[in-house]
Amino acid sequence: MDDDLITMDDMTNEEIISLLDDAERLLPVAHGLEYLPLLQGKLLANMFFEPSTRTRMSFETAMKRLGGDVVNLGDVNSSSAVKGETLYDTMRMVDGYCDIAALRHPRQGAAQYAADACEIPIMNGGDGAGHHPTQTLLDLFTIQQAHGQLEGLTVALVGDLRYGRTVHSLSHALARFDCNLIFISPAQLAMPAEIVSDLTVAGAKITETEDLYGSVSDADVIYMTRIQKERFPDEDEYAKVAGIYTLTSADLAGAKGEMIVMHPLPRVNEISSDVDETRHARYFEQAFYGVVARMALMCRLLGVEIPSGDA
Amino acid sequence: MSAGEMRRVTAINNGTVIDHVPAGSALAVLRMLGITGDRSSPISLVMNVPSSKHGRKDIIKVEDRELTQDELDRLALIAPKASVAIIRSYSVAEKREVSIGAELVNIASCTFSNCITINPREPQDHRLRVVKKDPLELRCRYCGRPQEMDGLVDNLL
Chain G
1 MDDDLITMDD
11 MTNEEIISLL
21 DDAERLLPVA
31 HGLEYLPLLQ
41 GKLLANMFFE
51 PSTRTRMSFE
61 TAMKRLGGDV
71 VNLGDVNSSS
81 AVKGETLYDT
91 MRMVDGYCDI
101 AALRHPRQGA
111 AQYAADACEI
121 PIMNGGDGAG
131 HHPTQTLLDL
141 FTIQQAHGQL
151 EGLTVALVGD
161 LRYGRTVHSL
171 SHALARFDCN
181 LIFISPAQLA
191 MPAEIVSDLT
201 VAGAKITETE
211 DLYGSVSDAD
221 VIYMTRIQKE
231 RFPDEDEYAK
241 VAGIYTLTSA
251 DLAGAKGEMI
261 VMHPLPRVNE
271 ISSDVDETRH
281 ARYFEQAFYG
291 VVARMALMCR
301 LLGVEIPSGD
311 A
Chain E
1 MSAGEMRRVT
11 AINNGTVIDH
21 VPAGSALAVL
31 RMLGITGDRS
41 SPISLVMNVP
51 SSKHGRKDII
61 KVEDRELTQD
71 ELDRLALIAP
81 KASVAIIRSY
91 SVAEKREVSI
101 GAELVNIASC
111 TFSNCITINP
121 REPQDHRLRV
131 VKKDPLELRC
141 RYCGRPQEMD
151 GLVDNLL
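From first to last, the protein sequence lines stand for chains G and E.
Under the working numbering, think of the first position of the first sequence as 1, with each following residue one higher.
Under the working numbering, think of the first position of the second sequence as 1, with each following residue one higher.
Chain E with its partners taken away, still in its complex shape (with noise of 0.2 Å):
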């Protein structure tokens, strides 16, 4: 994050900064990682910032919270390519890459209206299969149908 960058946004003292977020998506992650504005602390956004690296970015800063691996795995739905840095005492306290397995389980349903898993009485796990990172593309375990990324962030779990 270049100096100018840093200027919209205050530093934090303790918490997590998701740097190169595709631009536009910062509000998804947000729901993804099911923060809302209700938090007592605060969130702050940059979105449509410019990028060396991606043309254009988004930046989140999420004040008292510690991203885990479980949601990192989830992010890599929608920033693939974000990283992550732990801020403790106003430090990069660790720096952490999101990276994407083999399978998502449980991380979104299938966006299929006639897959076995729209019953949301069928207890077995939401899987879909990553079958090619970049671009994302992910199919469902079950029905084997290539998923709709936009429709995607409307089924996280």
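Here chain G stands alone, though its shape is the one from the complex (with noise of 0.2 Å):
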């Protein structure tokens, strides 16, 4: 594995399956019950340029359930950025600070050009409309926990396809797996070109559609995700597509057994709250294995071995 996490293609298959594993070995010790502190002494910087909860709280939640601390960046408001300093210099100094750094940024490519600035390793916590690899990583375990595999899944994504950072990185990672994937948006907000190709020429199975509800009976996994107000230039343009799914416990009626509903959370209205109490419901559990996943990953970039239960 890579000294960083930016995209998905710094893991391989097996890292990644690997990495899973860990998570699982720690869901203990995310939840209480023992206490492990393989990374005492070891100090996270959280760089948060831009409003984060559960990515910046699991984070932390994860650091110090692992014996560690934290450094946070605080309001971005009150930082030296709206001073004008670069990213550059801001990571130099963090570099010289702490041991490991989860990086948030408005602009695209961010991470990557933190990472090249710094030798601590640089985990990616979402960067413009790019990636959130870490959100895939604790999706791919949310499904795993599920289905018990992550190989040939058929997963609906559903909603803000074309801004949303988190279907981007899934839907890459998905695709490694073989897993067959539906894309569902209306086409103003249709997952962008070059990652349809990029998926296609990667050999995935791809079908594109606006109706959701007749997706259903399909699916292993539906992804719903929020369509993000903050990315539309006028309110109008927001109206035309607020709203336009919303899953409510009555749509599931023909869904598969063990199919489980997932979302990135904030949800806005895209999920009625009658589904949280169907068993198909996951994404409560999702957002806790935030922190089993960074966990893991951070173990892996500081080269900390996770023993095994049994010891």
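Calculated directly from the structure, the hints in this document are not laboratory data.
Using N, Cα and C, we set each Cβ at its ideal position, and we do this for glycine too.
A couple of the hints might just be wrong.
[Stated by the list, open to error] Label pairs and their calculated CB-CB ranges:
id, chain 1, residue 1, chain 2, residue 2, range
1, E, H54, G, D10, 34 to 42 Å
2, G, K240, E, A23, 38 to 46 Å
3, G, R279, E, N119, 44 to 52 Å
4, G, A250, E, P146, 37 to 45 Å
5, G, N13, E, V131, 20 to 28 Å
6, G, P233, E, P146, 22 to 30 Å
7, G, V268, E, M47, 55 to 63 Å
8, G, T207, E, L156, 36 to 44 Å
9, E, V130, G, Q149, 36 to 44 Å
10, E, M47, G, G74, 52 to 60 Å
11, E, V9, G, P106, 50 to 58 Å
12, E, D150, G, R279, 48 to 56 Å
13, G, E119, E, N155, 26 to 34 Å
[To be verified] Covered stretches of chain E (in silico footprint by chain G; criterion: 3 or more residues with CB under 8 Å from a CB of chain G, positions within the stretch not fixed):
id, region
14, 116 to 124
15, 138 to 149
Work from the hints to combine the two standalone chains into their complex.
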């Protein structure tokens, strides 16, 4: 594995599977049932230049559960970025302070740029509409926990496929495990052509449609995403597509028994609250799995081996 | 170059002849090489002449200047099939082929408007990876976006 995690291309399929095994081993640690201070004395820099709740908190939780500590960039509006400091200078400073860094930034390519500037491992926590590989790791872990495998599943990705970096990274990874991908979105939020082209060249089986409800019975996973108001230039354009897909428990009547509904959260109205009580709902477990996935990743990047649970 | 083509421009004593430039690209090549009309030495352009290899082509003759390898690398961006002759005392002293490596470093900046490299104060190198050579396809090392080749000429560094 590379020294950094910028895109899912930095990991082979074998490395992904091995990391998911480590994540499973760390479940009791993430639940607080076992104390395993593997990263004691290590310091994580949480560099979030854009708002984040789950990603930032789960990185922090992961490091603290493993006995390490965290320093945060803090409010970006009061950081040196507003004074005009370059990302390069900020990251060179962090390189001296900490052992590893998680970065989220509004500009695409920021994570690779930071990785080129730093000696310490950089974990991409989202760069513009680019990649979000740690989200992909927890998404894959959620799917594997539910289905016992990743290979050959039919996964429907729904909503904002144009700007949603989560679905960009995830679709690349799923294609590598021979999954059937169904891209469901309004035309103006369709998966970018270059991504569809890359996936097709890589041999992915892709169906593109605007019809969510007709795809429910085929899917092993329905991955809902929020239509991001902040990405639209004006309110009218947003209003045309907002609320176009809302999944209710009644919509799931024809679903396979083991089908799971996922969402990177926060949700607005994409999933009705009555789905929460169905056996299909997995989005809260998914958010929790962000902790174990990031624990396993930080151990891997810092060269710390995870002892087996039987030891 | 055939005798007919030769008659269009005069032979040069010392300098560089760039042949097999894609038709209509000669002005962009000059711009890329930083050659402007206020040079004291003559520059000759022939545009849209017939070419047995490429249908039509442009030819550029720059007097009293020998292109360096670094400049040839830049040329690969818009004229990857150009052939370059270094002229000394009216004779071809050296022939050079334009070749493109695996990455273009500090030749042009990324064309994507939200790339991290859009901030001119960010100090690291601009790096465009060569994904495919014919036709040329480039992607930014940082943001990963495919480059719009027309826009790239405007982003030359």
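Fill in: Non-conforming hints, listed in increasing numerical order
Of the numbered hints given earlier, the structure breaks none, since each of them holds.
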